[in-house]
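As you go down the protein sequences, you meet chains A and B in turn.
At position 25 of the first sequence the residue is numbered 911 (the working numbering), and the sequence of numbers has no breaks.
At position 58 of the second sequence the residue is numbered 60 (the working numbering), and the sequence of numbers has no breaks.
It is possible that part of the hints are untrue.
[To be verified] Some chain B residues well away from chain A (every beta-carbon gap over 10 Å; in silico):
(1) Ser26
(2) Met29
(3) Ser66
(4) Thr67
(5) Thr73
(6) Glu81
(7) Arg84
(8) His87
(9) Ser101
(10) His106
[Stated by the list, open to error] Derived contacts from chain B toward chain A, CB cut-off under 10 Å, selection only:
(11) Gly42
(12) His46
(13) Asp61
(14) Ser63
(15) Ser64
(16) Pro85
(17) Ala94
(18) Ser96
(19) Phe100
[To be verified] Residues of chain B clear of chain A, computed beta-carbon distances all greater than 12 Å:
(20) Thr17
(21) Lys19
(22) Ser69
(23) Thr88
(24) Val115
(25) Thr116
Rather than coming from a laboratory, the hints here were simulated on the basis of the structure.
Beta carbons: idealized from backbone N, C-alpha and C, even for Gly.
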Amino acid sequence: AQKITQTQPGMFVQEKEAVTLDCTYDTSDQSYGLFWYKQPSSGEMIFLIYQGSYDEQNATEGRYSLNFQKARKSANLVISASQLGDSAMYFCAMRGPPTGANSKLTFGKGITLSVRP
Amino acid sequence: EADIYQTPRYLVIGTGKKITLECSQTMGHDKMYWYQQDPGMELHLIHYSYGVNSTEKGDLSSESTVSRIRTEHFPLTLESARPSHTSQYLCASSEYGFSNSPLHFGNGTRLTVT
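This is chain A alone, in the form it adopts within the complex (with noise of 0.2 Å):
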């Protein structure tokens, strides 16, 4: 079974920094990708960033980065210098080989990220 830990409380950055977002995850497949999605206030889920258990560098999106620690099982997000469109709420996902006919996108609990101005 898949599962994607996410503890961080609420948290807050000022504009213009830098912020990491936390996620560790437990599988027992060797394949597997790892996923962060934004929610804005509005609702609607926004693919922002993809990594692959087997690739050996970290997936970067313009300001987005993902810090792939394979062995300690973490894929934290890293936004890079934030701005207030950020605030929003941030899901690590992570979706396993296909079994049968279909591979499910098991989601983590979120972090709401507050950016100051």
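Based on these hints, arrange chain B on the given structure of chain A.
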């Protein structure tokens, strides 16, 4: 860019009514999903489909039902709405079932049952 649409965006309805939440995608994706999310909480998978005429229940038990008659359309139905069904419902699709394929989400339907 993902194109997946959910209607209505907001719905307030009385107990006992039958409702259908619509979800359509224009990308030709075979894999489609319904997640339920209470405010400020995690998402739980309630239904998924890997193609036309295939539907499966997810991890969270739900009184809702789904159908997949066309690739692009994956509606969710509640035969008799109850206050416990009050939640946000998010529809998603994926091009592949592999672990490197992200899910693309619609804007969600916020359902309130009075």
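Verification of the hints:
no.	hint	result
1	Ser26	holds (16 Å)
2	Met29	holds (14 Å)
3	Ser66	holds (17 Å)
4	Thr67	holds (18 Å)
5	Thr73	holds (15 Å)
6	Glu81	holds (25 Å)
7	Arg84	holds (22 Å)
8	His87	holds (17 Å)
9	Ser101	violated (4 Å)
10	His106	violated (7 Å)
11	Gly42	holds (7 Å)
12	His46	holds (8 Å)
13	Asp61	holds (8 Å)
14	Ser63	violated (15 Å)
15	Ser64	violated (14 Å)
16	Pro85	violated (20 Å)
17	Ala94	holds (8 Å)
18	Ser96	holds (8 Å)
19	Phe100	holds (6 Å)
20	Thr17	holds (24 Å)
21	Lys19	holds (22 Å)
22	Ser69	holds (17 Å)
23	Thr88	holds (14 Å)
24	Val115	holds (18 Å)
25	Thr116	holds (20 Å)
Comparing the model with each numbered hint stated earlier shows that hints 9, 10, 14, 15 and 16 do not hold.
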